[in-house]
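Student: For chain F, the structure is supplied; the task is to place chain C on it using the hints.
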Amino acid sequence: MNPRKDLLTISSLSDEDIHTILDSASAMKDIFTKSVKKVPALKGKSVLTLFYEPSTRTRSSFEVAAHRLSADVTTFTVSTSSVVKGESVHDTIDTLMSMKMDYIIVRHKNSGIPAVIARHCKAAVINAGDGAHAHPSQAFLDAFTIREKYGTVAGKRVVIIGDILHSRVARSTSVILQRLGAKVAYMGPGPLVPPEKHTGIPRFTNWESVFEWKPDVIYLLRVQNERIDTPFFPAQDYHQAFGVTGERLRRIDDLDLAIMHPGPVNRGVELCDDALEYRNSLICNQVENGIAARMSILYHLTPQTPVHE
Amino acid sequence: MPTIEQPAMNQALDAWAEQLIGYAAQLPPGKLALVGLIRRGDILARRLSEKLRAAGCPALCGALDISLYRDDWSMKSSKPALHSSYLPFSTDDMYLVIIDDVINTGRTIRAALNALFEYGRPAGVRLECLVDRGGRQLPIHPDYTAFTLDSPDVEDVVVHLSEEDGTDSISY
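Residue numbers (our numbering), protein chains in the order written: chain F, 1 to 309; chain C, 1 to 172.
It is possible that part of the hints are untrue.
[Stated by the list, open to error] Listed below are the simulated BS3-like cross-link pairs for lysine-lysine, each with C-alpha atoms no more than 30 Å apart in a straight line:
no., chain 1, residue 1, chain 2, residue 2
1, F, Lys29, C, Lys79
2, F, Lys37, F, Lys149
3, C, Lys31, F, Lys37
4, F, Lys122, C, Lys79
5, F, Lys34, C, Lys79
[To be verified] Derived contacts from chain F toward chain C, CB cut-off under 7 Å, selection only:
no., residue
6, Ser24
7, Thr33
8, Val36
In case anyone wonders, no lab produced these hints; they're calculated from the structure.
Keep in mind that this is a model prediction, so the values were computed, not measured.
Just so you know, even glycine gets a beta-carbon here, dropped at the ideal spot from N, CA and C.
Extracted from the complex, chain F is given alone in its bound form (with noise of 0.2 Å):
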């Protein structure tokens, strides 16, 4: 793959770096059954996870990621920083690079951010989520996972189900997927389902059309906490209009579908409690094969630092 110091969206990079760094996230799991669960390759190297936004998943998946690659890893968190001090995201650019870190991680709750970042930074810079923009890890994941299951993600219908206008999820796995060869269909809430006009992705707002769309993946997209049980958003009602209830998980099972989801899951609202021990879920798949592919992206980017001097 072609030097590239860093990972702000899946658009920006080429056919042949996102199959090199699926291939090599193949590569990177198999290490996950050795005795030894390390490799050396990023021995000496620091990084540092900086998010403005809370999450557990994807800054634990990263840092375990950068841990298995032997680097020194770093927790800058939003709430334990100066932020809540007032300090602007110029001055911790500034403290930043004194600190000479190697890969910076960086989700922010607006778009843009990590690009800024990068801009300044000689870090390698990957963006974990910047507002509804992008999020590029969990898009690799999600192919990962999707190419795992069927040994390719060519020709395979992916339907993403949800708030897509607000998801970042949803944008940069449909970018990847496409990218890949799969087809894609959006379904939710009228109002946060954007047009195919805009998209060019079909676009649904009831089952009945999912399922004669003939899927071969259903990607529930998580429900943001703040909307839930306001008046516009009841959990049960989404649960009944656009959530897996147990029937519809019914004829899930019998069309031999399968049920992704970035995770955390709300129990009862996008899915049943059921669905979570689905033979087909491929849930937990993701949270591993998030780890392999995080890997492949911090052993495939480039930083600027220094490497002698």
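Tutor: Relative to the frame of chain F, chain C by itself:
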């Protein structure tokens, strides 16, 4: 560039397999495993293991990608996709033979040894290569080499194997 052609290579591989059969005879049965270094060492290991099987002396065979153990990793900006290592056996108490196409500085073998020992504790490890081209930077020496091209006149050694390159030859 002088070239060693296919007939000479075939002959060398037969002699190499004979030598391995001699080595296997000294070991407890079922304890010999060839570990080819991806990519061309892996191809050679598979060919040798096929020859051993045909001679009634089967050996286990695996493949190792040492990319993640290289010491020049941080100096490289462009990294090819990794290959999956494939060791379908426990290395504990096994006699492993590392197979590679060319030994030069010895750094690849240093990386291979580090990688191997993360799979377990083999009883012994040997190193066998198709070509020794000298130029060692580490105290590592092969136990067997089919060709030695260690001369100041040799600037580069390129091994072609039919599975990867469509032809068998060594140019130097």
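Student: The structure should be examined with respect to each hint, and the outcome stated for every one.
Tutor: Now for the hints, and whether the structure bears them out:
no.: 1; hint: Lys29(F) x Lys79(C); result: holds (18 Å)
no.: 2; hint: Lys37(F) x Lys149(F); result: holds (23 Å)
no.: 3; hint: Lys31(C) x Lys37(F); result: holds (25 Å)
no.: 4; hint: Lys122(F) x Lys79(C); result: holds (19 Å)
no.: 5; hint: Lys34(F) x Lys79(C); result: holds (23 Å)
no.: 6; hint: Ser24; result: holds (4 Å)
no.: 7; hint: Thr33; result: violated (10 Å)
no.: 8; hint: Val36; result: holds (4 Å)
Violated hint: 7 only; the structure is consistent with all others.
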